[in-house]
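*Asks:* If you want the building blocks of each chain, they are given just below.
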Amino acid sequence: MGSKKNLNDEESDILMIDVSWMTGGKQGTGIDSAASLFSKVLVKNGYNVYGYREYFSNIKGMHSFFTVRVSDAAINSQSSKVDLAVFPDKESVFGEKNEHGETIHDGHIKDVKSGGMLIVDKNVDVSQIKRSDIKVVQIDFDQIINNVAKKMGVKSSDVMIAKNTSIVAISAYLFGVDTEILRTVLGSEFSNKGEAVIKMNTNTLDETLNYLKTLSIPGLAKLTPIKNEEQLLLEGYEASAIGKAIGGCKMQVYYPITPASDESVFLESHPELGIRVIQPESELAVIGMVTGASIAGVRASTSTSGPGFALMTETISYAGMTETPIVVVDHQRGAPATGLPTRTEQADLEFAIHQGHGDFSRMVIAPGDLEEAISITAEAFNYAETFQVPTIVLSEKSISQIYKSVKKSYIDNFKSSYRIKRGKLVDKAGYDGDFKRFSFTEDGVSPRLIPGRSDHVMWIAGDEHDEYGHPYEEPMNRIRMMEKRNKKDELILKSIGIKDKFNLYGYPDKADLLIVSWGSPKGAILDALNDKTAFLQIKLIEPLDPEIENIIRKAKKVVCIEENISGQLRQHIASKTGILIENQILKYNGRIIDKDELKDGLNRVLKGEKKVILNDY
Amino acid sequence: MTISLSDLNSHEQNDWCPQCGDTGILLAVKNAIIQANLDPKKVVDVSGIGCSSKLPNFVNVNGIHTLHGRAIPFAEGVKIANPELTVFVNAGDGDTYGIGVGHFISAGRRNVDIKLLIHDNGVYGLTKGQISPTLQENMKVKGWPEPNINGALDPLSLAIIAGYTFVARTQSYNVKEQTELIVKAIQHKGLALIDILQGCPTYNPEYTSSAWFSTHTHPLPNTYDGKVSDPSNLEEVNAKKLQALNLLMSEKMEDKHTGLFFQWENADTFEDRMKRSKMPPPIDEEISDSEGRSTVDLSEIFKSLST
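These protein sequences, in sequence, are chains A and B.
Going by numbering that gives the first Met the number 0, the residue at position 259 of the first sequence is 258; the numbering climbs one at a time, nothing skipped.
Going by numbering that gives the first Met the number 0, the residue at position 30 of the second sequence is 29; the numbering climbs one at a time, nothing skipped.
These are calculated hints, taken from the structure and not from any lab test.
Be aware that a few hints might be false.
[Unchecked claim] Taking CB as the label site, the calculated pair distances span:
(1) N149/B x K109/A: 24 to 30 Å
(2) S213/B x E489/A: 56 to 62 Å
(3) K127/B x I58/A: 26 to 32 Å
(4) S281/A x D14/B: 47 to 53 Å
(5) E489/A x A210/B: 54 to 60 Å
[Said to hold, decoys possible] 16 Å max Cα-Cα, derived EDC-like pairs, lysine to aspartate or glutamate:
(6) K483/A x E313/A
(7) K414/A x E290/B
(8) K41/B x D454/A
(9) K420/A x D288/B
[Stated by the list, open to error] Stretch by stretch, here's where chain A covers chain B in the computed footprint (C-beta under 8 Å, at least three residues):
(10) 111–122
(11) 292–305
Treat the numbers as computed from the prediction; the structure is a model and nothing was measured.
The beta-carbon is built from N, C-alpha and C at its ideal position, and this holds for glycine as well.
With the rest of the complex left out, here is chain B (with noise of 0.2 Å):
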């Protein structure tokens, strides 16, 4: 089956501001489903609240948009109900990195396989500009009246640290390798983070216009390879993490560099885990017989509780 841009298309308009950085991440995860040939109908993209969120809507895929804080367990949950979806996660710094950060860490210990595309773009775009958790400490940006005095939070070390097994940045504007990293993340099994680093025009102009990326951003070098070649040689999988965290740690927020800074593939999934429990994914279990009567199989509990 081969499906073209258009079929991607919602018949919703998006209404986000000219020039807005989400336009670019929404043509890539279009691209991205089609390059990596995915099945519109098996695929949901879950979203928080913010401008982000409402990409779902302009996508003719399933979309769940949730609450502020909440997309990463919904889409678990998604994810863990029925395995043979693809699911992103298409949300906001705000939203993953401030209020839903417990969420954030703790999909590291899980490593379901969803695929975080975090619009981030250090301003909270919706309510009209306050500071997230992704701007610096100092930085005035145009929808705040006073420098940020909150230190900034660096979601990829964040990320690799808390367990995640794919981990990348990249920029709104430049939606070749938005898509090709999407692309990867898909074909990635388990916990995928991609933190997009999205144009907000208006309350944000100073630090994400698209000429600031272009001269403050910069591709990783070639000769970084941040996969890990062994999966199972788990030194490898330490010193991997640890280049990474050596190269983020040292960057500076002129300076940034997009790509794959990490990835281990086939780590042990979610999944994984619950399989080794027999039981197949819960939606595909029968509850019923054709008249409805539940079918499940109570004896055991009868046996454990008869005196």
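In isolation and in its complexed conformation, chain A is listed as follows (with noise of 0.2 Å):
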């Protein structure tokens, strides 16, 4: 294994190797390419990595930044502050204002952790840093630019892309990455544009190394290769699409809206998965179509975020009610309203589990990873024929664009495991006279067919209705129609075994703190857990187990995390329990929760603390 020098936390006795790094720039030069080149290369080399980016609602000019942390363990989060940081731009550095001199951002020299590296241009002012503790490097990218247009007879500005091919060279051979392997990520990467482009990189690769070899800097890191099985690079909205493909999602219907898009548009591009991408006019057509396609017998699904979400209300309302099975994933993003929209927020969490006018059995899942997202939206498709209720998938933006290295047998072993249920979907009646859609059945669902394959015709009513699905008003009926709709809760409990439910990790009953979640934070939980700690994650969110209740009753002291201001896991918890968990930690700067800010925040619920508000950025 490669260096035994733990270069980032003193804390940590498993990690060898956990080092992070970030660079930044204004949005459309090309920052996102470098940080993929950058994991790229670390995860051909055989090691763990975990990215995020940063950016503004905004294509060109805001300052976006991405982080990305390296480990030869398995790492689950970012931490508060990197290594190496490298900038080609100055904003980067110092922050920037606005015309009414409010901070916009305040720049990343905060970032650099003590006795890490900053790299900048030549044409910043060192002397406006004021950190001594942190080796700041100046490093003259247009030198190497010019050098390079000048050796393809080309001009500087169309190289000056290859900026970020530079921003990685510097950070590969600081970190003792061996620069070859980049050369070979460099071909790969750009094989679809052509020699010209593979060229331009590699002489900026060359340049740069050149350049560098006359400053003399020492090393931060010796990331030799090492041995690990094969990983993939994926990005979490590819996650979501990985889940529906293996689910047997045949129909994706969206609109566009970050951070949800994203998941649509990578599915079209991969035609060969059988899945037809449709882009109607609005969020209500989106909703009606998946609607309208499940109950013509195909697994159906759409991708959103919060407002978008809102929009699909009154049919939600409708599936419950007519009992189709469908199944939409919401990316959620800073709310209220438009909100944040390229920023994280779990504040959509009351609102999937209440949506809709009326009382209807439903189901809210909630993946805490990358690797979860594969397998609860590929469960997703059986949970919703299986019981026939609309199924909600709250991922969020710190899942659906995190770049993470993930094992390729998990996702291989998952789906040779995974099974496609299909539940009561019949070809026959099985008696005399019209089919009854909604006929009275022990666990509540009734058998469902394909129109056009079968020898019945079916109706469908929103309207109260009767076994046939023809609207009918009669008391008794109304009765034995909502028990048999709102009595799901209980038969998918049953059905739905622990693991699916939740995970536990530790023992609460013996820690000094339990902690409850759910979703992304679920990444800085397990990196700050320890043996005095517990942790549940809470994937079934509605409806909620009852043993909850047990593991939080016995826990000496409970807290709970969330990225929203109102607590509305804790207030779900409250209304089905009874239990108000005592304290908590939230996060709602619409920033991702970094393992280190948690840390502290659980020392300090530990001391006593009742409320924590966590504001790392």
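Please assemble the complex out of the two chains, which come individually in their own frames, going by the hints.
*Replies:* In structure tokens form, the structure reads like this:
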């Protein structure tokens, strides 16, 4: 294995290599590709990576930045500070103000850890950086670019985009990564853009390395290649998409919205999956098409985010009333209203639980990481069809836009163990007379058929209906139908295994502190967990398993961690169990929770603080 | 297989008002299913909300009674999922041209092969007679205390502009003409609108009675031909559209034409466009093997995500 020096975290006794890296710049200048390139090189070297992008709701010109954490051990979150930050522009270093003098962002000097390194452009006034505990190095990016341009006989402006390659080259060099692997990755990364582009990038690599040799900067690590099984570099939305593909989804209908569209675009770019991707005029049309397709017998789904999800509300209620299996993935973002389109939040939970007028069973399930985004999304289709309920998968920006190395074997194993279960899908009624789509059954679920593929016709109505699906207002029928639809909660809780309901880490009755959470905080929690803490990650949130009450009651001290201001999971647990969890750690600045601020927050709760608000960014 | 009218009766009795135009539409729908020789099991009738939208309950075909304004996207979802189905939309004017007008227009961009039979009576019947998007300005109907201060929308012009490939008008008490037009719409490949002026004897007897229709509507003249003869000739397509638009714009409330205003056969449907992606229709995609294992092939995805 690689270096024994732990560069990041003196408390940890497991991790051997754990380094963090950051780059940033104006949106539209290719910062994403620098980060993706850097991540790929590290994954190719056998490392685990965890990357995250912060950006404005803007196409060109605003500041965006990317953090990548690298380790030889499993990592699930990011660190609060980085070992190395490389910025080609001044604004990334010092921040920017708007015309009113308000801070747009305050730069990244603070983000470099003590003993770390900050690489800036030659034109930056380093006397303004004012940190004696970090090493600041100036790079003449223009000189590197000009040399490449000269060598290739082109204009410097044509080579400017390769500045990103220079950033990656500098980073690889300082982290002691074999730069020949970077050369290989450049070749494959730009293979579809032609020889000239590859040449431009490899020339930039060479020019950067030549330039660095003249500076004699000490390296920060020695990330030599390590042995690891095959890993894929996945972004969270790709994980949801893979879950849908495995789950047999054949129609994905969507309306563009950040941060959900990526999932649909990814599916559309893979026609071999046989998934029709359709983009109609609105979210109202989207959810109508999904519900229509599902009635027609196809596994259909959509992906959206808060505002679009809100527009689907009436049809969610219709799907509940007509017991139509639909799967909606809500990639949550900062709310209310359009809120923070490109930032994260977990503020749609109570909305998802109660969405739609009237009472009906539904399922709300939440993955906590990319692996679960695959498995939970695939299972959602089985749940929807088995229980004939609208099934909501609550993802969030800090899952959907996480870059993470995921073991290929994980996906292979999941896919081969997964079974498609279509519930009571029949082609014959088995009795004389008209088909009863809403027949009363013991478990509340009625046989369903595919129109046009059976000997019967069927009726479906959003009005209260009789067993045949015709509007019917008789009081006894109303009672029975209401009970039929609402008793599915019990069936769901009875049918689903514990492992699919929640994850339990550690011993809640013995630990000093039991952490209760859902969704993406899982990553930081796992990285902050120790033998004095236990963690209950709730995946099936609605209906809520009563066993959760027992686990919470046994704990000495409990804290609920969520990315919203009102503590929505805490309220939900209170409404279902009567337990109001005493302590809270909340974050609602739109930014992801990192492991270091979380460790600090947990210590504060252990020392007696009841409510801790996190604000790292 | 031959079926009779009684085969098409569901066990539900309709609860429309006496003399309601919807009964004429119901009969015409059944007639057309028989005349077009459709297998009732392969017919799906999607409706919205309102008196009009009760219709699927009274026909022995698959019926989906949806939400107010959303029948079109539901119907498109059904048809895209399984193109072998014949899909009708039975919905009202408030449903289609009011709350659902965005879907009505956008459907034209896709030309999904569904048939819209819109019950157009100028009022919201089931909520007791409020004015709808097709009621002319200054008109006073029985169900509403004041004259209408909104202007009316012409659904046929709108449909032509939006890209509908079959646009017709008829009236609910003329079952023969309705039946003929519905049969033509079924045989037409593409998105069809039949705006059916519908009698509402309870809330709009003034402008929708059988007597009003017989004196204020008349068939398109024999000399009028709305059908594009050469579907590949886009100049002719535009000329036929303009011909229909000119006629529609010159019509008066008291003097409306019925018949086929515009038809462009063999225009590219959404289903045709999707076929070009070489994917079978979603309903025909195998999703699992005999043991329930997912049959999707992820190898291309793995290739694209490997480093």
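*Asks:* State for each hint whether it applies.
*Replies:* Each hint, compared with the structure:
The hint said 24 to 30 Å for the Cβ distance between N149/B and K109/A, and at roughly 59 Å that hint is violated. A C-beta distance of roughly 60 Å is found between S213/B and E489/A, which places it inside the suggested range of 56 to 62 Å. Between K127/B and I58/A the Cβ separation comes to about 50 Å, which falls outside the hinted range of 26 to 32 Å. Separated by about 33 Å at the C-beta atoms, S281/A and D14/B break the suggested range of 47 to 53 Å.
The supplied range of 54 to 60 Å is met by E489/A and A210/B, whose beta-carbon atoms lie about 59 Å from each other. Taking the CA atoms of K483/A and E313/A, the gap is near 20 Å; set against the 16 Å cutoff, the hint is violated. Simply put, K414/A and E290/B have alpha-carbon atoms about 13 Å apart, close enough for the 16 Å limit, and the pair holds. Only pairs whose Cα atoms come within 16 Å are accepted, and K41/B paired with D454/A is accepted, the gap being roughly 10 Å.
With a C-alpha separation of about 11 Å, the suggested pair K420/A and D288/B falls inside the 16 Å cut-off, and the hint holds. Here the region 111–122 of chain B counts 0 residues with a CB under 8 Å from a CB of chain A, which misses the bar of 3, and the coverage is violated. Chain A is given as covering the region 292–305 of chain B, and this holds because 11 residues of the stretch bring a CB closer than 8 Å to a CB of that chain, at least three being needed.
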